[in-house]
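Asks: So you can see what is in the structure, the chains are spelled out below.
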Amino acid sequence: MTVENTILICAGGACISSGEQSVKSTLEEEIKKHGLDSVVKIVETGCMGSCNLGPLMVIYPEGVFYQNLKSQDAKEIVEEHLLKGRVVQRLFYKGPTGEIKPRMKEELPFFTKQVKVVTRNLGIIDPSNIDEYIANDGYFALNKILEWSPERLIEEIKKSGLRGRGGAGFPTGLKWEFTRKSKSSEKYVICNADEGDPGAFMDRSVLEGDPHSVLEGMMIAGYAIGAQYGYIYVRAEYPLAIERLKKAMSQAYEYGLLGKRIFNTNFSFDVELRIGAGAFVCGEETALIRSVEGMRGQPVQKPPYPAQKGVWDKPTVINNVETLANLPVIINKGADWFSSIGTEKSRGTKVLALSGKINNAGLIEVPMGTTLREIIFDIGGGIPNGKKFKAVQTGGPSGGCIPDEYLDTTVDYDSLTKLGTIMGSGGMVVMDEDTCMVDVARYFLEFSAEESCGKCTPCREGTKRMLEILHRIVDGEGKLEDIDSLEELAISIKDTALCGLGQTAPNPVLSTLRYFRDEYESHIKEKRCIARSCKAMIAYTIDSEKCVGCGACARACGVNAVIGKIKEVHKINQEACIKCGSCYVACNFDAVKKVDAVDLVED
Amino acid sequence: MPTILEADSGFKELDKYIDGIKEKKGMLIGVLHKAQEIFGYLPVEVQSHVAEKLHVPESTVYGVVTFYSFFTMKPRGKYPIKLCMGTACYVKGGSKLLETLREELEVKGDEPTKNGLFSIHEVRCLGACSMAPVVLVGDNDFHGHVTPHKLLQILDSYRQKEGKRNENKKS
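Protein chains in written order, with the working numbering: chain F, 55 to 657; chain P, 249 to 419.
Calculated from the structure, these hints are not laboratory results. We put the beta carbon where it would ideally sit given N, CA and C, even for glycine. Please note: incorrect hints may appear among the correct ones.
[What the hints assert, rightly or not] Derived DEER-like restraints, expressed as beta-carbon distance ranges:
#1 F/Tyr309 x P/Lys273: 26 to 32 Å
#2 P/Lys273 x F/Cys631: 55 to 61 Å
#3 F/Ile96 x P/Asp389: 23 to 29 Å
#4 F/Asn386 x P/Glu271: 42 to 48 Å
#5 F/Thr166 x P/Gly357: 28 to 34 Å
#6 P/Gly411 x F/Ser76: 38 to 44 Å
#7 F/Phe194 x P/Arg407: 40 to 46 Å
#8 P/His393 x F/Arg427: 25 to 31 Å
#9 F/Ile154 x P/His393: 22 to 28 Å
[To be verified] Residues of chain F placed beyond 10 Å of chain P at every Cβ, according to the derived structure:
#10 Arg350
#11 Tyr497
#12 Ala651
All chains should be modelled from the sequences, with the hints used to inform the complete structure.
Replies: And the structure:
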């Protein structure tokens, strides 16, 4: 019998954690119960991108999109949609405007504004099935380049304008050329899948949703530089990615696409997995090499660059997951096609992970040169709960925050650098008016100080001193000269630290000082936190006109700081209050107010 | 509970794993992962054993164990609770969850609770930022959009599970 319906269920990280497995098993049971198993095919795909709507599925040929599913919904879908041909309206996506869009993927700006190159197969194929990858042009590029000379391949990539997607944006073709020219009988390709920036899950999604594209990319890189061996260095925090990679590797070996004499040529290539052990600095290439060798992941001085002396002291190319996944498409469609997307200096697309205070949190891919406004408001759907946009953080602990006056900036390597941040790996964390920028800077500095490997003094000691100052400011004990000290420390760390981690660690502080200096000043001078987020500077009070005396706040309070009898106006004992905010959340009458603590004293 | 030295079956399993590796060059981290999976943590005895098997100095093994945050020399709770401290989770109230948990379980740092049931671990971004804030119990029990209230319910569900198991044992 021919298949009448294909159901694609998203098995990305977010959907799995919101119950995709139970939806799928109910679906399978129901399909079997109604004898539909020969005409309905279920495919578990990689991340579809709209992570906040999960678990979700798309039913073809209609292309109907169901979201936010529970296992009992699967029964209704089988009985109504599959058996009777009636769509289940209840499970459609209703956007902020309440407008119903049954065929989301063709209609919603979240999907239609995207251009999928790296994520081409995500949400479309079954990542654990190599045949589906091959059916979507998989391993065709490898076959094609094996007929070329490595030099021609390098030329093609140079012409495409592809730049490394790991953060620094170094031209990929050039990196290959350097490594190709290094004389050695033994060379290596390392896939950097140590995606450590908080707020970034692009590489995770590609590894989980399309592992073969990364393997194919590694082989293309290997052929270009003359390597026979590759390592994939992946974080231990990504167990599903590890599992899918292992499966993909064993299938590729089985098909003869990895191993000796691939496609009957003289090209042989083996890949091995290396699992990280929780050290952010291992994303830095020289530290990563030490970690691949099983050692402490501490960076070393460059030069020599990995292109000359990398893993086991042999010439090594290190490419990021997203860079590698771009390669097969560039080969298949040509460098000219690729360079027609994006801006003059940043070609192609960028995969971004949207999170934080944004409606459509998830994974997206847009052409380079798309503006932040389009990304955050058109695709991301804006800020929830009617709050005001304050800043977007890019580049993780190495990057910075961009305020609203620069929302029309285009996303590409150079414009973001100009604003004092970096593209980084592609995580974008959106912040609203309730986020305190001093606290955000403190958060990132804490991250960098903790992850500093301790080898060089500027990073080890400098980040600690900066952190102490930031703690002081957030705790309401800042001094006026603190801002100058912060800047001075930041600049000297940038200039003198050994590796990329240290050199970029002060960026979050510098960029918040650049755009949100007033927040630092009000913390220090007025002891006010504009976002009313820093505990030391806020207080909770009860508005006597709005309080109905229901007692909800008193019940919520863990330290008995709310006093008052039922049906009478309540009060907060400021000395006992620990400012946990439970009463603020519990009040249904908007009577509990968050105020600046300094105003309270004046009352 | 047997001491680590008496738990010979663990060492046997580890030896089998090490002997099965063809190319031992650079495998120290991989072996330590396996050892921690078997023993739950990496006390000095286990480190010495690994050093001997792989022919590397004990100081090298110790250096690696203490460098990486994934490795621990202290035992964990039966259900380690991993709180994501990534940016998105932080912005969406991750630190409040930590406070709630510390208060409820009355433990400092990552030491286990008195009954050995739980331990708290602040972990790096789990890459599930769209569901922030997120909590992971053990290796697989994942929770998104967690509130302090929901977190207490999660703890209760584990306590109940343990309670039932103990009852079964009695009967």
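Asks: Which of the numbered hints are not met once you compare them with the structure shown?
Replies: 4, 5, 6, 7, 10, 11
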